[in-house]
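Participant: Residue-level listing of the chains:
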Amino acid sequence: MPPREKQIYQMLLTSTKSLLWMALLAVLVSTAVLSCNGNESPAINEGDPLHRANPLIPPTELGLPPTPTAVQKDDLHFPVPPPPFSEDIYPCSNCHEEIVTNPQRRILTDAHEEIIFTHDEQNRWCLDCHNPEDRDKLRLASGQVIGFEESYRLCGQCHGPKYRDWKAGVHGKRTGMWNGKKEYLLCAHCHNPHSPRFRPLAPEPSPERPEAIR
Amino acid sequence: MSETLRRKKLKRREFIKGAAGLLSMAAFGCRSDTIDSLLQKNLRLMTKPELKETLARLERQYRAKYDTNIKVYSTPPKESTLFGYGLDLSKCIGCRRCVYACVHENNQSRGSGDRRHNMPIHWIRVLEMDKSRGIDFLEANPYYDHNEVPRKGHFYMPIQCQQCENPPCVKVCPVKATWKELDGIVVVDYNWCIGCRYCMIACPYGARHFNWTEPYLPHGQINTNTHLLGNRPRYQGTVEKCTFCIQRVRLGRYPACVEICPVGARKFGNILDPASEIRYLMENKRVFVLKEELNTAPKFYYFYGT
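Residue numbers (numbering that gives the first Met the number 0), protein chains in the order written: chain A, 0 to 213; chain B, 0 to 305.
Isolated chain A, as found in the complex:
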C-alpha cells in the first residue's frame, strides 16, 4: 500500500475502534442505571406527584417520640418556673418574723435600700402588694392572699389587657410546644416588679455589608 493510503486506513481503524468502545460504554451505563432503579416501582404511579400527600416517613418510624396532645388551660393557674427571687432573700419571714410591721408609708432606710421603686411610686408602696401579715405571700386588692408563683394575678389587677393577652399567650414569651405543653413566664421574670421598664440591651453583631464580601 502507498504510505498515504496506509495512513488513511490506520486512521479509519482507530476511529472505528473508539466508536466501538463508546457504544460498549453506553450499553454498560444504561444497564447499570436500569438495574439500580428498576427494582422499585416509580412513585409517579401513585398519582400526580405535585398534588399527592407528602411521602416523607412519619417520625414514629424513625424512633422519634409521638406528638403530645394539647393540654387544657385553667384560667387561674399557669405552668411557670419558680419566681425570680434575689439570692438568699426568700423566705422573707426569716427576717420579718422578728420585726414588727410598720404600716407607715415611708422610704426604707434600714433594709432593701437597693430597690429602686419606679412603678407608680406616687400612689403605691410596699404593702400595697406584699402581705403585711405573712411576708412570704402577696396580697390582692380584694384581700385575698396569694403565693409568689401566682403573682400574675396581682399584676393583672391593674394591667387588665396585658393580663388577658398574657393568658392567651400573646404577651410575653412562651417556650415548649406550640400544640402542647408550654411554659409561661411570670411577669416578674422579664419585668422587675419594682421598676418594670425594660433596660436597653447590647445588640449582637451586625451582618456583613455586601462590599465586605469579595
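For the record, the hints were derived by calculation from the structure and aren't laboratory data.
Just so you know, nobody snuck in bad clues.
Listed below are several chain A residues computed to face chain B (Cβ distance under 10 Å; list not exhaustive):
id, residue
1, Val169
2, Gly171
3, Thr174
Calculated lysine-lysine pairs in the DSSO-like style (CA-CA distance at most 27 Å, straight line):
id, chain 1, residue 1, chain 2, residue 2
4, B, Lys40, B, Lys70
5, A, Lys181, B, Lys70
6, B, Lys16, A, Lys5
Since the model is a prediction, treat every value here as computed from it, not as a measurement.
Yeah, the Cβ is synthetic: ideal placement off N, Cα and C, and Gly gets one too.
Place chain B on chain A using the hints.
Facilitator: Structure of chain B alone, referenced to chain A:
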C-alpha cells in the same frame, strides 16, 4: 504518521479504556455513594424505601465530610396544620438574638474571617427604621451597630421568609427544587437545586440566601439534629431559606427564634386551630403583612401588641 500524532491517539484510547472501566465498575458495584448522589431523584418523587436509603446515605456522607454524627430526619407535616407566625413590632428591640439563635439552630455558614472561602449567612435580617418615617425600606438600616438598643426614635423590623401561600419563588424554579409543603412551609431540595438563583430574584422579601462558597461550619458547632428539608448542612451553589425550624415545629416545638426572643415579640402556631396564639393575635390585634399588594399572601403577620 508523525510521532506526536501517534502519541495523542494512544492517549485518547487509553483515556476511553480507563473511563469505561471505571464507569462499569461503579455502575456494576451499584452501591457507590457518589454515583447514588448523582442519580438522586427529586425528594417528592421518591418512594419510601428510596427515601430511607437516601437518608442513610446523606448521614454517611455528612459523617465523612464533617466528622460528626448528623441525624437527618424526614418528619412529615401534621394533619390539618398550617403554620403562621406573628411578630410584635411594638416589642422588638432589635437585639438580634433571633438572628444568631437561627444561625446555630439551622447550621448557616459562619464567618471565619477568610472571605475567599466562606460567607456568613443570616436568614433573619433586622431593619432599624425611623419612627417618624414609618416603614420605609429605602431608609431602613440593617447594619446598625450601637452599644445599646433600642435607639431612641427608632423601631425594629425583623424580616425572614414570609412563607407565602402564593410563593413567587416556587413559581420560578426551573427544576422544581423548591415547593410549599402541606403545612405551609416553603422548602428547598438542596440536592436538586441547580443554583440559578431565580427564586432569589422572585422573592420580594430578600428571604433567600445563596451559598457562594462551601458553607463554613466549625467542628463542634453543628446542630446534629437535622431535617432533610431544613437545617441539614447545605452545599456550595445552593439556595437556602428560613423553614420556621421545620426540624422543631414538625415535632411540636417552637422555632428557635421564638424561644430566644428576650421580649416575647415572636409568636407561632397553627392558623387552623382557633385556640392558638396566632389565631388570637390575628383576630384581636392590628395585623398586617408585608407587601400585601403583591398577592403573595404571607403567613408571617406583623402586629402591634399594645
